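Assemble the whole structure, with the sequences as input and the hints as a guide.
As they're listed, the protein sequences go chains A and B.
So for the first sequence, my numbering puts the first residue at 1; every next one is plus one.
So for the second sequence, my numbering puts the first residue at 361; every next one is plus one.
Derived from the structure by calculation, the hints contain no laboratory data.
Because the structure is a prediction, the values reported are computed rather than measured.
Some hints could be false.
What the hints assert, rightly or not - Straight line, CA to CA, 16 Å or less: simulated EDC-like cross-link-like pairs of lysine to aspartate or glutamate: (1) 467/B with 277/A; (2) 467/B with 196/A; (3) 384/B with 82/A.
As the list claims (entries may be wrong) - Label pairs and their computed distance ranges (CB to CB): (4) 381/B with 111/A: 49 to 55 Å; (5) 543/B with 99/A: 25 to 31 Å; (6) 392/B with 111/A: 38 to 44 Å.
Idealized CB from N, CA, C, for every residue including glycine.
Now for the letters of each chain:
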Amino acid sequence: MTERRKGTAAKPGSRRRRRLIVWSLVLVLASAMALPLVGYLAVDQAQAQEQSRNANDDKVVNPRAEYWREVRDGIAGYTTAEGPEAGILIQNGGQNWRQIRNGPVATYGAWAILALFVVLAVYHLFTGGYKMPDRTGRKIPRWPGIDRFIHWYTAVLFILLAITGLSILWGRAVLIPVMGKEGFAAWLAIAKPIHDYTALFFAAGLVVMIAKWMHHNIPKGYDIQWLLKGGGYLGGGHPPAGFSNAGEKAWYWTLVFFGGAMVVSGFYLLFPNLGTERPGMQLANVVHDVSALVCCVFALMHIYLGTIGSEGALEAMVSGEVDEQYAKNHHPLWYDEVMKGKGGYSGGGAVSPAPASPEK
Amino acid sequence: MARMKFLCDAERCIECNGCVTACKNENEVPWGINRRRVVTLDDGLPGEKSISVACMHCTDAPCAAVCPVDCFYTTEDGVVLHDKDLCIGCGYCFYACPFGAPQYPQKEAFGVRGKMDKCTFCGGGPEPDNSAIEKKMYGANRLAQGKLPLCAEMCATKALLAGDGDMVADIYRERVLKRGGRPNSWGWETAYRKNV
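In structure tokens, the structure reads:
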């Protein structure tokens, strides 16, 4: 090896030098280009570190991108202002609440009540309501005094609450054109406190009523027949019914569920920010409006059938007694029980009082 | 006519609460009522941001839409005001407002709130301009004096801008052009309709 090197010393020596120079140049140029890139490496490392640190903090990379999303989502920030939800910059639920309340709730609610008015008016014009020409004159006790008291107590409060409540919902559209803004505001300034304070007394009456009349309103198999025959109001004879017919039971269970929803949601509106914030109160308001409107629709039907719609019904809630014929027609199964001596309420004494003296 | 708008530049707001103090002092609002407040996001963290917020005087104001007694009105300047003589304190405007602007002097059971109070853009109320009764019920009426809301006038960093919407937008656009970054006219999407 050494020999060979020595033998080619002169020529290859200069060639090696040249090669060395070329390679050194290449190395210098390559380094000059590559070394600055090390900076990127360092940045990448730093970013990776930051990323892992942020990941540990459960935060995403760019905090700026985040808070505008948080603001839109209603995330609260810090504020020195004291007040409910003061830290929340934008609460979007209000727009939905506004659209639901002013839109479907107010509109369909009005249509439902108007439509029922028309249906009842047409029904009454054509049929004249249910008449009972064949009274026997014998009275059967139906509602004890305490039941009648609960009924009228709740009924009066319901009507008061309905008038004031519907004024809040529709007054702006219906009453302001009639009364003017000042007049209507004066009325609503009275209506609102009436609505707020009588609500408690109504709720108490509703609870007592629901508890006391539950046993009258357990659904039975024959209730389906009653419903299928439309309660006999559309002709075709009297369908079977016990103390309460299926229509009355439906009204009762409407009061249980929708009345209950109305009372619970009303509670949250009466005590704002008590365990709720705006989303809760917006929901409560919609639930309150819808359930109250359902109750109003049923109440309208109930008032019609309890007064001019069905002869003999009102006296049951006034004197507590119904005519024998009324019981036979509307509550045949209950009438049978009374005749067997077990259907009347205990306070009423005997099965049925003595027959009335001959009238004709 | 001008269309009055607020704009808070989040890049400039330093959470000094000067606007809040100016508002309380100028309008002599009762204790506990915050017509304007400063909210800080990511407080104490890198990149925290502060925003001063009050009634934005929306184009299609949700408060006005839900008010049962229809006590709201929009002035020629686009300022949303309300008539406290009509207000029944039902709280509906508070449910509807995205910005949490409506304030109530009372917080009692049975929903007793008292009459609603909110930012008037220093524009008073329906009473005669700069009368004693207007001052007492609604606070200052600087607009009638040819002045802008004091919160923005007092802002040390000029983060809070108040005035005609076009002019405010021009100032903000110029800033964004100079300093770069994305514009964020905070709350405008929620409050204002395009070109109104």
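Hints, one by one, checked against the model:
For the suggested pair residue 467/B and residue 277/A, the alpha carbons sit about 14 Å apart, so the restraint of at most 16 Å is met. A threshold of 16 Å between alpha carbons decides the hint, and for residue 467/B with residue 196/A the separation of about 15 Å falls inside it, so the pair holds. For a cut-off of 16 Å, the pair hint linking residue 384/B to residue 82/A stands: about 14 Å separates their Cα positions. A hinted range of 49 to 55 Å holds for the C-beta pair residue 381/B and residue 111/A, which are about 51 Å apart.
Taking 25 to 31 Å as the suggested C-beta distance range, the pair residue 543/B and residue 99/A conforms, at roughly 29 Å. For residue 392/B and residue 111/A, the Cβ-Cβ distance of about 43 Å falls inside the hinted range of 38 to 44 Å, so the restraint holds.
Hint compliance for this structure: every hint is met.
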